[in-house]
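Q: Guided by the hints, dock chain B onto chain A, whose structure is given.
Protein sequence lines, in the order shown, are assigned to chains A and B. Be aware that the first sequence starts at 1, since it is given in the numbering used here, and climbs by one per residue. Be aware that the second sequence starts at 269, since it is given in the numbering used here, and climbs by one per residue.
Please keep in mind that the hints were generated in silico from the structure rather than gathered at the bench. Glycine included, every Cβ here is placed at the ideal spot set by N, Cα and C. Among the hints, erroneous ones may be present.
[Said to hold, decoys possible] Interface residues of chain A toward chain B, partial, derived using beta-carbon atoms under 10 Å:
#: 1; residue: 51
#: 2; residue: 54
#: 3; residue: 111
#: 4; residue: 162
#: 5; residue: 170
#: 6; residue: 180
#: 7; residue: 184
#: 8; residue: 193
#: 9; residue: 196
[Unchecked claim] Computed list of chain A residues with no C-beta within reach of chain B, every gap over 12 Å:
#: 10; residue: 44
#: 11; residue: 224
#: 12; residue: 260
There are 2 protein chains.
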Amino acid sequence: MTGAGTNSTQPKMEGGPAIVLVRPQLAVNIGMCARAMANFGLSDLRLVAPREGWPRTGAYRKGAYAAAAGAVHLLESARVFASVEEAIADLNFVYAATARERGQGKTILLPRAAMDDTAARMAAGEKHGVLYGPERTGLDNDDVALADAILTFPVNAAYASLNLAQAVLLTAYEYFSAARGQVAPFAAPERSPPAQREMVLSFFEFLEGHLDERGFFRPASKRPVMQRNLRNMFHRMGLTQQDVRTWWGVVVRLVEGEREQAGKIKDE
Amino acid sequence: MTGAGTNSTQPKMEGGPAIVLVRPQLAVNIGMCARAMANFGLSDLRLVAPREGWPRTGAYRKGAYAAAAGAVHLLESARVFASVEEAIADLNFVYAATARERGQGKTILLPRAAMDDTAARMAAGEKHGVLYGPERTGLDNDDVALADAILTFPVNAAYASLNLAQAVLLTAYEYFSAARGQVAPFAAPERSPPAQREMVLSFFEFLEGHLDERGFFRPASKRPVMQRNLRNMFHRMGLTQQDVRTWWGVVVRLVEGEREQAGKIKDE
Chain A
1 MTGAGTNSTQ
11 PKMEGGPAIV
21 LVRPQLAVNI
31 GMCARAMANF
41 GLSDLRLVAP
51 REGWPRTGAY
61 RKGAYAAAAG
71 AVHLLESARV
81 FASVEEAIAD
91 LNFVYAATAR
101 ERGQGKTILL
111 PRAAMDDTAA
121 RMAAGEKHGV
131 LYGPERTGLD
141 NDDVALADAI
151 LTFPVNAAYA
161 SLNLAQAVLL
171 TAYEYFSAAR
181 GQVAPFAAPE
191 RSPPAQREMV
201 LSFFEFLEGH
211 LDERGFFRPA
221 SKRPVMQRNL
231 RNMFHRMGLT
241 QQDVRTWWGV
251 VVRLVEGERE
261 QAGKIKDE
Chain B
269 MTGAGTNSTQ
279 PKMEGGPAIV
289 LVRPQLAVNI
299 GMCARAMANF
309 GLSDLRLVAP
319 REGWPRTGAY
329 RKGAYAAAAG
339 AVHLLESARV
349 FASVEEAIAD
359 LNFVYAATAR
369 ERGQGKTILL
379 PRAAMDDTAA
389 RMAAGEKHGV
399 LYGPERTGLD
409 NDDVALADAI
419 LTFPVNAAYA
429 SLNLAQAVLL
439 TAYEYFSAAR
449 GQVAPFAAPE
459 RSPPAQREMV
469 LSFFEFLEGH
479 LDERGFFRPA
489 SKRPVMQRNL
499 RNMFHRMGLT
509 QQDVRTWWGV
519 VVRLVEGERE
529 QAGKIKDE
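Chain A with its partners taken away, still in its complex shape:
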């Protein structure tokens, strides 16, 4: 499930838990949720009784589509349902996202544990979904009662109000991280290979030889610890072969002074 993958080997991103927006109020928030889903490869958007309907034309459409910032395919493929029951009929496991404990004795899960479990069970063929309530009020207790478990977010209790798209974003982020591991969306950079130890030790001897000549390692009793500290700073750099060549050049220049160039006239 986790860890593998660079751009070139990643399958087309689709799937993930259904994001079920229950009675959403504002088109712009539906659009922002679509964008957050697309960022993390979720593709199943369901709307239950959107307050202003779900027209495909007019200013309402425009607001949602602008906020989706290119994730228009998700708005086009969103399914609209009259009730939560219909929206979740095909799902095997349903979370209710809420910021408050609802006194229903349901299991309470944080997004990391929840999406780790969901990613594993969806990989085994289950269908999962998450209910999110209207912006102002959150889910009704009757909506929460339809869910298997509560999903809540680990926020600063003094300032706990996440907006709708942020809650969807965190869910999608944790699903994606669980399903595919936390890996950068770009291939690892091309770098010079790490320097072999022989090359590094040869540079150390070169540098320390010059420092010895100039009386750097004093008093002599401190020489071992001074040498070790100096070498450890270089080790911490994770030197590449190119890095060692660069350092070699730096020391040569410091020791030899200004480079003599063919055809160059000094103090020109």
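A: For chain B alone, kept in the frame of chain A given last:
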């Protein structure tokens, strides 16, 4: 560092890495970043050369303050700097948040690993910060060069555009999760205590006795597996004492038929 805490024992949330917005373009985005920070207890907001300045009055102020949705204290305490160098002068470790590999050979970290490390090192007294670039263009290469490491987000490569506040949100969420563990922002619900085994077994015997009388366990050779499956379904419920009393009542009612009530006239 992790795991502990209910509302009543949580210290006032402040601290966390400095969020450094480099040449931000829109006031509304500054406000949304402040809100995301407040959700996860971050308090150190720094602005480098905001495109429209950082006035405390007028429409610009209004847009930022509305988007902050109550996290106004962060806008009030935000510090403005002329250069990135000045903004990060007091920090011990600096990340550059970017969506692209920059060919600078820097360490590339994903938010979970980065913030795990930052939380541990900040607890030991270091000061860390994250640079975020302008909305349209992201950080310049010269800005990235000032950082110790690159912070990037594990997104769907086909749709990698996170907005500024979402990038800040994910960073803040991972810092908070690392520093305090993923715990719900409310105290665990008051529930009836879990039933002791004696109570559960007594109910099983009661139920199975009635089922036996009615010939449920047939053929007799299947009895052990039927009984085990039935009991396991109850075990999966994690029964409380109240739950067992409820089930006992359910079975009594199913077995005995309609309850005789004092004063009640049947078929009224």
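Q: Each hint needs a verdict: does it hold in this structure or not?
A: Status of the hints after comparison with the structure:
| no. | hint | in the structure |
| --- | --- | --- |
| 1 | 51 | violated (20 Å) |
| 2 | 54 | violated (22 Å) |
| 3 | 111 | holds (7 Å) |
| 4 | 162 | holds (6 Å) |
| 5 | 170 | holds (6 Å) |
| 6 | 180 | holds (7 Å) |
| 7 | 184 | holds (5 Å) |
| 8 | 193 | violated (12 Å) |
| 9 | 196 | violated (18 Å) |
| 10 | 44 | holds (14 Å) |
| 11 | 224 | holds (28 Å) |
| 12 | 260 | holds (31 Å) |
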